[in-house]
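Participant: Here's the letter readout for the chains.
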Amino acid sequence: MSSTEIERQWTTRLRHRAAGKLPPEKLLPDTQPSYVSSWIYVFGVATLASLILVIATGCILALRGPSWWHGSFIGHFVNSLHLWSVEVFFFAMVVHLWGKFFMGAWRGGRTATWMTGVVTFLASLMTAFTGYVSQSNFDSQWISTQAKDGINATGGGAYFNVLNMGQMLMWHIVLLPLVAVILTAVHVILVRMKGVVPPYDDAASATSAATTEGATK
Amino acid sequence: MALYSFLAALIPLNNYGHFIHWHWLYISYANFIVICLMVITFVAALLLPFPGHNRRKGNR
Ligand code: HEM
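If you read the protein sequences in the order shown, they are chains A and B. 0 is the number of the first residue of the first sequence in numbering that gives the first Met the number 0; add one for each residue after it. 0 is the number of the first residue of the second sequence in numbering that gives the first Met the number 0; add one for each residue after it.
Hints listed in this document are in silico derivations from the structure and should not be mistaken for laboratory results. The model shown is predicted, which means the values in this text are computed figures rather than measured ones. Hints are supplied without guarantee of correctness; some may be wrong.
As the list claims (entries may be wrong) - Simulated pairs of lysine to any residue, SDA-like, Cα-Cα distance not exceeding 25 Å: (1) A:Lys25 with B:Phe49; (2) A:Lys99 with B:Phe49; (3) A:Lys193 with B:Cys35.
Could you put together the complete structure from these sequences and hints?
Facilitator: Shown next, in the form of structure tokens:
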């Protein structure tokens, strides 16, 4: 195969594009700008860490099944870990989003980072909701019978029936976690591609950060 | 099981919820407390010094 043929292969072109947009030193940088040494930057990673715990404990629950998580001590424990990781996840995500809001972290070509955050937030709300109606206790009965009226009023009940236990469980353990995890991955990759947004005082470099590459260093 | 009854005695959850009702605002104490904790955490994150901050000063 000639070298021009190799250059034209889609694998070669895709690799060059990916390496151009996100070279390894941008994906896993050695240093960060000095303004990043603040507690407020910890909350994105705290959200990520709690999401990992949520998924891991959810996988254990899926492996063992409802009689285990309702009926055994260790099952209750893992069920509680799952719930409390969700509480920490939302707590950290809200502090994270307040931080990014007051930093105006959508500046300098970071709209997609902000918007993937917004959609992840909405997808997480739906995941939590379907989780609450999948508990199979009085709480979930109350929540679903209340919610069905609201959802039926929108006409969505035919497609998203909160009284359909099987459907809600599938949304909770397959579709929505998939959406949340994929969006989170895109979100974090976008942060690495764009570099951390400079503070408002440094707004001039915010614009140049969008145009010149390697702004993280 | 003993641990369960001990915790259940400390935090009784088998009651009606408690709510704050102030003009148009209607919110459970539980939700209100969580929102307050988030605000406190947010302010603390801005004000508390980050460890190792001095070491990296000027090291852009
Ligand atoms: C699953 C939920 C989320 C995870 C795991 C997550 C994770 C992260 C991480 C690890 C960072 C980089 C570190 C940092 O600056 O804190 C980041 C940055 C960012 N996040 Fe999130 N985030 C989530 C939700 C959100 C939400 C709900 C919003 C806003 C609506 C948002 C907006 C942003 C923005 C704009 C940045 C870029 C900051 C910059 O360029 O300096 N994120 N996120």
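Participant: Hints broken by the structure, by number, lowest first?
Facilitator: 3
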